[in-house]
Amino acid sequence: MNQLSAKQLRDKIAARQTSSVEATKAVFARIAKIEPIVGAYISTFEEQAIARAAEIDKRIAGGEKLGQLAGVPVAVKDNMCTTFGTTTCASKILANFHTPYNATVVEKLLEADAVIIGKTNLDEFAMGSSTENSGLKQTVNPWDTKRVPGGSSGGSTAAVAAGLCYAALGSDTGGSIRQPASLCGVVGLKPTYGRVSRYGLVAYGSSLDQIGPITQTVEDCALMLNVIAGHDTADSTSVDEKIAPVVDYLAKLDEPVKGLKIGIASSFNAGADEQVRKAIDEAIKIYRNLGATIVEIDMPHLDYAIAAYYMVATAEASSNLARYDGVHYGHRTREPNDYIEVYTKSRAEGFGKEVKRRIMLGTYALSSGYYDAYYLKALKVRNLIRGDFVRAFEKCDCIMMPVAPTTAFKIGEKVDDPLKMYLSDIYTIAANLAGIPGISIPCGFDNKQLPIGLQILSPAFSEEKLLRIAQMYEKQTDWHKKRPLI
Amino acid sequence: MSNVDYKVLVGLEIHVQLYTRTKMFCGCELAFGAEPNSRVCPVCLGMPGSLPVMNKQAVEFSMLAGLALNCQIAGFTKWDRKSYYYPDLPKNYQISQYDLPLALNGYIEIPLKDGSFKKIRIIRAHLEEDAGKNLHTAGNFSQVDLNRAGTPLLEIVTEPDMNSAAEVRTLAEELQRIVRYLGVSEADMQKGHMRFEPNVNLIINRAGQQFKTPIVEVKNLNSFRALENSIEYEIGRQLDRFLETGETMEMGNKSTRGWDDAKEVTVLQREKEEAHDYRYFPDPDLVPVRVNEQWLNEIKSRLCELPSKKRLRYVKDYGLSDYDAGVLTNDRLVADFFEDAVKAGGEPKRVCNLLTQVGLKRANERGCAITELGPKAADFAQTANMLQMGEISATAATSIISIMFTSTEQNPELIAREHNLLQQSDAGKLETIVNEVLKSNQQAVADVKEGGKKSGKARGFLLGQVMQKTKGTANPKIAGEILDKKLSQ
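First to last, the sequence lines map onto chains A and B.
So that you can map any letter, position 172 of the first sequence is 172 in my numbering, and since no number is skipped, the others follow by simple counting.
So that you can map any letter, position 219 of the second sequence is 219 in my numbering, and since no number is skipped, the others follow by simple counting.
Note that these hints are calculated values from the structure, not bench results.
Incorrect hints may have been included.
Per label pair, the in silico range of CB-to-CB distance [claimed, not checked]:
id, chain 1, residue 1, chain 2, residue 2, range
1, A, 377, B, 113, 53 to 59 angstroms
2, B, 278, A, 83, 31 to 37 angstroms
3, A, 83, B, 57, 27 to 33 angstroms
4, B, 116, A, 341, 54 to 60 angstroms
Virtual Cβ for every residue (Gly too), placed ideally from N, Cα, C.
For reference, chain B alone in the conformation it holds in the complex:
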């Protein structure tokens, strides 16, 4: 198979659940895991006579996401009804946007392994209401839970610009970071806040001819891992199938396959794409949305620096490693915390180390946010600077931060003093101690002066004695310098 020359094409249809207070067209609160049919009202139940009223926050969240995805925001957009019958759809039409989406013609840049970026084009992003859920747990009957019905969804459609499963995963993760940064979605895949439906096929070059395999839409993907693995699986499956049957893409042979997470395979769900006629038409119950410059500018002002740009800046401006920059920028709260610490005068690299190695570690253990640990950004900054100035050792810095996790005392300097963590940097005092050590360890002094094999070990022993006499508080750098000066006399 390795001799087959092929190219993978993946486009994505992504549904992002917006983190608005209320539903898209009514005042019901959004709720995950609430008692079935407890977050419903006449509007989201589609009761006769009820009318939808647009949720402005959902529109603004979508504008914000659209802008972050480099889309044009339409000056005029409207609502359309998409008709189909399904028990989880109370009105038997979904309010969506058909020919005039809120955002269009954008792109998202994803980082590649070689450090470069790749643009994935976005065709459109439009707002719509989610359906409810059919439950099949009551024997012969199916039940419908409409808590989710009417939840605002942003549907994002990309061009088939991704050429590997890894690229798809990178885009998905980048998108998750972006919408979380913007605060427009919780973007938890397990909870269905972000649903990816990849369209996968291959272009195969054989004997100077190009063949396209039939497009497969993959559903039921509840994690990034599932997303990546399902595409890997599809690539192999489509290649095998092509080599076996020679089947190529035709009108109407697009199929839908569901990912089986346990067996790690895709399973055929729908053979042929049904010729759906959704009978779209403008919803007469809603008025079109006009976005003027003032409104657009107001939304633009809410944009923040996006994670990929931030990551680059951290490497460039603060000299952090790409890995560290990635860790810090993964979560906007962490990045903001880091930047607050830097603004408070903290040396970036030291702050980064304390934050990633001590702060984030503890936050993960506790399952809390970095801001909920106790020490503030300024405390991290001060501790980092004490370390930088040689007032404390790296171990002491870790101790100080750790003490702050549980103590009510939040002043790094006081903690250092109280716990005897300050380093002895007073050259005069250290010289006295060095002299004492030299006097009582003549053999080691002789070994150093003799040079050769024993020299280094002997010096280490002498410095160790100095540290012991100071109970570990001697600044090793300064103590070492004094020791070397004395030994060379």
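Bound-form chain A, shown alone:
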């Protein structure tokens, strides 16, 4: 079991108290033991990772100054492109797909001298809230292997929770970093839309997708953000650093935010399970003890967030996933009769049920005659929700709420009820629609010893402050130190 955080490990490797090879081998030893139970990874690169770790150790021994993650074994969600291994998106349609380029975030991890040890499982094309929609394998929750890890970055959160890596990257379109982080008892940050380059992230809902860190501690989260944040000329939607500068998120992490004002939307939070609500209330109490004041805020349009989200996300998805047609790459049906069958059969065979459902929904929403009623209306709701946040943040520094209405649910419990599954995202979706950052930090356990997450939302590009707020809490509590006994 790893006791060190990513930053602690990095510092120890740098101080030559341990080596990257040692840490990497230890992780792979644990993977050999635990991974058959957890199922967090779609692929691992043991040989390659150890070779790289050795190289990094050598460079450290040579007195070279290395990157911020030098020697640290990390994992990447398998919807981010890597020139090594496959990039499957947990879909049969891309099961053997090799991409010729690295995602910008992967390049950045490599530049920071991290050791990428594997690619983690997800709901197919990041569509889901339990990782049950993976077309390739099942990931379980390390706290209770009969339960889901959440999703869609369930592989990454399970890996971090189970000590199968020191930190990981996830992607968050409607809560896919925060919700599984909450369910697995780890830290997960969805940065502001445009903070991290999406180049090489296989698109689901392009206007909502954002890559972020999944870590053991808030400090690791700041460290990972340091590595991946920034403008990318290859992504037009990544933000110009002149407008929103990237700062060193670690530099002032330990400075508490003075006069912190926390916004709470009581009525909205009332929908969560009692034990979840209690944990959130307790967490807020801690902030109050630290001198924070609580402001009641009004978020009148939040009730429509799920409806708007499933229009926008599926519309974009229907278009983004049109390219998987069996013509240029990926799964192609055998012996098609004509080119139309190349499309219809390849897609019918390659895509899973949930992906098909969302493609159908999105296609419908964009169709002529329905566009105004669905897609355009959803965009209007999206603007109203943005407005809700702008007004709320005039009164407070951040908003706190649950991440998910419940703790981890049982595998299979919601698979036949997509609507119920969609409702798992009720607290996370609004941040994606508004483009603002949100973090999930461990804040307790329910009576089944399942972790609960506290969600903190803050204005666009205020990650530095958001992390400081999260750090204030983490310093007062030990929840983040608790690890599953797997």
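Assemble the complex: chain A is given as a structure, and chain B must be docked to it using the hints.
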């Protein structure tokens, strides 16, 4: 058929391939005829996770073309996805512009035979990416070449304001000149840089009633000739069909026909226009384009005088014939060369003659540009002026320019001297020669003085003798004047 009263209506959808260095949304170089799939990258291949980045040069070229076509340039424009499945379209959507095109509400003026101009209205011009090409040369399989995928295209849509095949051709040629002048497209129809898709139908007046024939969209036109002939053909075909069946335009009976260049006929490709639902929506991977005044002014400053205006000015200011003005203005390089020569002090008409009759002729033979021949604009100007001043003959002027094509010597005056091409204009010297000729040709002198039939011929003989004695260098005008003076004494 001649008794049928009808009017032809043609509107055009034109795709102009922009001559940018790289593709519309990635850094791949544009290449015609490169090895299949050699000019591709994750972006234009539509690989998972890749993202488009707008080519600013393509936007600026489009603004420039839009301005030249008298369009309004939108202050805010965006990118939309147009969805349809086809193997040559890697993402199965094309990035295009739907409801907010970059340029709109313009017109293009085309010269008519009677010297007047006609305005053809332009509805819109928008930017989009081209698809690849499907190749059907591998037996049972089709192959896809994506070199062309992502090439920037400017789609220009006109109102159906053209009323004959000749007008369509004139517009097409004028547009080709304009985009070439602006340097925004190579506009070579054979290479598909400019693709015209005319929508043709007729309004037929019969027995006090008006009938509209179904609209036909014609595709597969690879030359101006094909464009013109296909419309001529369609006019005849639609007229025959109407007289035969009485079929008129209805919802959904627009058809697509392909031009068969060998048989010179249009062939039905698609009977009914399919009810396509392209599911347009704004591309979330790209940010909208905002054109501010400063940017627009910067582009405006890059506009040049357009060929039709230039042509008129050449006739008006330089007294050139319309034909010559047309030849000079057809190609911006030639026009610029001509204007440089005029600026260097060359007499416009003489420069024009030397340029069109000697320079362009040789450039065509060599297949090179006028600027690559050797003699510079100033050399043409100087030669033209020597001719104008009577220092050399027209034949000598041609010789001088021709010598410069191959010689390293590029000074017209030195060449004239070296090759003995200067005319003898010294009146004193010429008078001596005239006197000698008169003395030794008494009979001819007598014939001239006698007048009548023989007179003119005799004078010509005497002048010929003068030219012979000077080995052709005598200025014929001055020599003639001296001769006449002597004969009348």
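**Item:** Hints that the structure is at odds with (numbers, increasing)
**Value:** none
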